[in-house]
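Going down the list, the sequences are from chains A and B. Take the first sequence: its letters are residues 18 to 408, numbered as in the working numbering. Take the second sequence: its letters are residues 18 to 408, numbered as in the working numbering.
No lab work stands behind these hints, which were simulated from the structure alone.
Because identical chains share one entry, a pair is satisfied inside a single copy or across any pair of copies.
Think about it this way: if two alpha-carbon atoms lie no more than 25 Å apart in a straight line, the pair counts; the simulated PhoX-like pairs of lysine-lysine are: (1) LYS383 x LYS288; (2) LYS170 x LYS220; (3) LYS327 x LYS288; (4) LYS146 x LYS307; (5) LYS403 x LYS295; (6) LYS187 x LYS337; (7) LYS402 x LYS289; (8) LYS313 x LYS327; (9) LYS369 x LYS295; (10) LYS369 x LYS289; (11) LYS288 x LYS402; (12) LYS398 x LYS247; (13) LYS36 x LYS118; (14) LYS288 x LYS398; (15) LYS402 x LYS247; (16) LYS289 x LYS403; (17) LYS248 x LYS71.
Protein chains: 2
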Amino acid sequence: MEYNPFHNGHLHHLQEAGKKTGADLTVAVMSGPFLQRGEPALVDKWTRAETALKAGIDVVIELPYVFAVQPADRFADGAVSMLEACGVTDICFGSENGEIKPFQDAAESIEQHGQQIDQQVTAHLSAGKSFPRAYNEAVTEAFQGSIGLDTSKPNNILGLEYVKAIRRRKNVIQAHTIKRIGSSFHDQDPSSAAIASATALRKIIFDKHQPFTNVRPYVPDISFQLLHQKKENLTDWEAYFPFLKYNLMTAETEELANIYDCSEGLEHRFKKNIHQTKTFRQFIDAVKAKRYTRTKLQRLAVHTLNRVNKSDITGWSPGKPAPYIRLLGMNTAGQAHLSAMKKTMSMPLITKASAGKHPWFDLDLKASHIADFVQSSDSLKEYQKKPIIID
Amino acid sequence: MEYNPFHNGHLHHLQEAGKKTGADLTVAVMSGPFLQRGEPALVDKWTRAETALKAGIDVVIELPYVFAVQPADRFADGAVSMLEACGVTDICFGSENGEIKPFQDAAESIEQHGQQIDQQVTAHLSAGKSFPRAYNEAVTEAFQGSIGLDTSKPNNILGLEYVKAIRRRKNVIQAHTIKRIGSSFHDQDPSSAAIASATALRKIIFDKHQPFTNVRPYVPDISFQLLHQKKENLTDWEAYFPFLKYNLMTAETEELANIYDCSEGLEHRFKKNIHQTKTFRQFIDAVKAKRYTRTKLQRLAVHTLNRVNKSDITGWSPGKPAPYIRLLGMNTAGQAHLSAMKKTMSMPLITKASAGKHPWFDLDLKASHIADFVQSSDSLKEYQKKPIIID
Numbered sequence: 018m019e020y021n022p023f024h025n026g027h028l029h030h031l032q033e034a035g036k037k038t039g040a041d042l043t044v045a046v047m048s049g050p051f052l053q054r055g056e057p058a059l060v061d062k063w064t065r066a067e068t069a070l071k072a073g074i075d076v077v078i079e080l081p082y083v084f085a086v087q088p089a090d091r092f093a094d095g096a097v098s099m100l101e102a103c104g105v106t107d108i109c110f111g112s113e114n115g116e117i118k119p120f121q122d123a124a125e126s127i128e129q130h131g132q133q134i135d136q137q138v139t140a141h142l143s144a145g146k147s148f149p150r151a152y153n154e155a156v157t158e159a160f161q162g163s164i165g166l167d168t169s170k171p172n173n174i175l176g177l178e179y180v181k182a183i184r185r186r187k188n189v190i191q192a193h194t195i196k197r198i199g200s201s202f203h204d205q206d207p208s209s210a211a212i213a214s215a216t217a218l219r220k221i222i223f224d225k226h227q228p229f230t231n232v233r234p235y236v237p238d239i240s241f242q243l244l245h246q247k248k249e250n251l252t253d254w255e256a257y258f259p260f261l262k263y264n265l266m267t268a269e270t271e272e273l274a275n276i277y278d279c280s281e282g283l284e285h286r287f288k289k290n291i292h293q294t295k296t297f298r299q300f301i302d303a304v305k306a307k308r309y310t311r312t313k314l315q316r317l318a319v320h321t322l323n324r325v326n327k328s329d330i331t332g333w334s335p336g337k338p339a340p341y342i343r344l345l346g347m348n349t350a351g352q353a354h355l356s357a358m359k360k361t362m363s364m365p366l367i368t369k370a371s372a373g374k375h376p377w378f379d380l381d382l383k384a385s386h387i388a389d390f391v392q393s394s395d396s397l398k399e400y401q402k403k404p405i406i407i408d
Numbered sequence: 018m019e020y021n022p023f024h025n026g027h028l029h030h031l032q033e034a035g036k037k038t039g040a041d042l043t044v045a046v047m048s049g050p051f052l053q054r055g056e057p058a059l060v061d062k063w064t065r066a067e068t069a070l071k072a073g074i075d076v077v078i079e080l081p082y083v084f085a086v087q088p089a090d091r092f093a094d095g096a097v098s099m100l101e102a103c104g105v106t107d108i109c110f111g112s113e114n115g116e117i118k119p120f121q122d123a124a125e126s127i128e129q130h131g132q133q134i135d136q137q138v139t140a141h142l143s144a145g146k147s148f149p150r151a152y153n154e155a156v157t158e159a160f161q162g163s164i165g166l167d168t169s170k171p172n173n174i175l176g177l178e179y180v181k182a183i184r185r186r187k188n189v190i191q192a193h194t195i196k197r198i199g200s201s202f203h204d205q206d207p208s209s210a211a212i213a214s215a216t217a218l219r220k221i222i223f224d225k226h227q228p229f230t231n232v233r234p235y236v237p238d239i240s241f242q243l244l245h246q247k248k249e250n251l252t253d254w255e256a257y258f259p260f261l262k263y264n265l266m267t268a269e270t271e272e273l274a275n276i277y278d279c280s281e282g283l284e285h286r287f288k289k290n291i292h293q294t295k296t297f298r299q300f301i302d303a304v305k306a307k308r309y310t311r312t313k314l315q316r317l318a319v320h321t322l323n324r325v326n327k328s329d330i331t332g333w334s335p336g337k338p339a340p341y342i343r344l345l346g347m348n349t350a351g352q353a354h355l356s357a358m359k360k361t362m363s364m365p366l367i368t369k370a371s372a373g374k375h376p377w378f379d380l381d382l383k384a385s386h387i388a389d390f391v392q393s394s395d396s397l398k399e400y401q402k403k404p405i406i407i408d
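Please model the entire structure based on the sequences and the hints provided.
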């Protein structure tokens, strides 16, 4: 989850998930300060975790940077491995249709026709198609259109990857899906209904011509209260852009070529376009070309901002579990569950920043330092924070 | 010169220099956006050049970064080589006493006792003394106190280096000195007299409790007008500090160790102290130790901000001339002089940024881009600027 911000759709999902699984405990894996689509979070991760806990989730853990700012396969694989380590038995994700069978069918077929699909994706990419389109066409071709799942929709892509990741782990976890309600993921124009996408809500928040209170109908009260408390610290890419620009202005092209996920000479495109652009939006518009998705460019911008190099992110392969679990918060039920789990947990549970020893955790720390510095000029916060505990 | 800002003391110096030399033309070599003591200039170099021209100087050229953000020997050596290339016959510098003979005597004796002085400086530095103090004691010891020049005073240090640089060039240029008037260089409390140091004036400008007009008595009218026009863009280190902090937060220690002039593990001191400091002043106070002068640390901070590596500044030795001259502005007399000189000039005269091909010029450009970005969010300015021409 990203909870950026936590809205009524998230609450609906949580309630439906409870009904569907009869779960007595809920664990959420949440991205840290930088998100899957290559954007910084609106508000710090501690506030987002607190909101989730107060909305009824029992344990919130942080998805490491190495999985969070990544395509769906890696994002889902990391998250599932951490949920498994926490003893989770059921995973619920949102989808357009709310039916699990097409996901299971698609996952099974991809396992069978994987090589054919890979070849077709490569062919479509060479023909200049974007990855989502190339993938959807390749999958459709392989199944001859019989699968009943549009894999070009972001939520379906992610759901499919959850199911694939679960299957890789020998099905010890059961997958469920819940139909998303209200406006679609890409919709930017919230109606008067109480459901608006996170994208639409961020648009309201950063629109100088709209009062902040316009988000109120679309988010639970607790979310509104906490967002309101942090009103002066809410950030989008534009708050980070001066630092990205400074970095691109001062870095050598060879340094940029070393940034994780930098390929095909994008370091030159980035450097060439930085001087003439004054906003992040202008910058991405300037570097955008048909062969790169906006998300790919935004993720590269996040890695560049954080100066994450290729050598910092190595050693991942599908199915390889996350190497640690960073705990952000829990309620008393969550605390009891973790205490019981702790002895047999397959990953170290990190409860304070200074205890994290894995090199990937250093990336989480660096990303949090930068976000805290930009959001609140307090780059030391990460060292002072303890997991949130609520009754 | 640094003209940071151009004040009545500069005007006095200019007038006295005219009387002393009978010069029909004046050339000023001025630092670009970053200054000798490791500070950013208050206002952009074009505004400072324009002020100097309107105050009566005929030609203003830019001292390259490679010479400007350096100890006095290198600063003076670069400046003298450029003045020589411009056909200058007399150089005037300010000093505490206004007598040239002690400078000539000191320079001659240093040539004779150089090795002994170097050894003594090393010994004093090992004993934990700061460089200015070590140098002054070593020089005093070599001359047995008879020289009549306090070489721990910044202006005397610089004057001595001008004289040494001129002697290295076989005395084709004649050295003069003019007694500085009013408060001393380090004084930070301007009296009611019309003379105040540049340091004192910057203190007024960045003091929120003083009106900007308080600087008016101490600067020529034209200087006040131009400063006033740029009122919203005047910057000290604090405006640059967020970028220095971001850089120190994201750079690896090994990258910092590669920064020009980084030695004795200062990369660790810089990195260790950055999180807990919220202002540049706090930062320098935190890293300061007896063995490092504040100026040395500030210069390292400038190189870190500009990401200038050791490999970017190589190949200088005393007496080696600057490789190019960047023209910032001229009046018609200056223009006539340069036209006449141009054919025989020993260095290329750069009149637009895109024409500069030397790797050192790339550093000038990068430094200007950063300063323009921080001062006016316009990092492209340097490519658009042509030399200022006034009647």
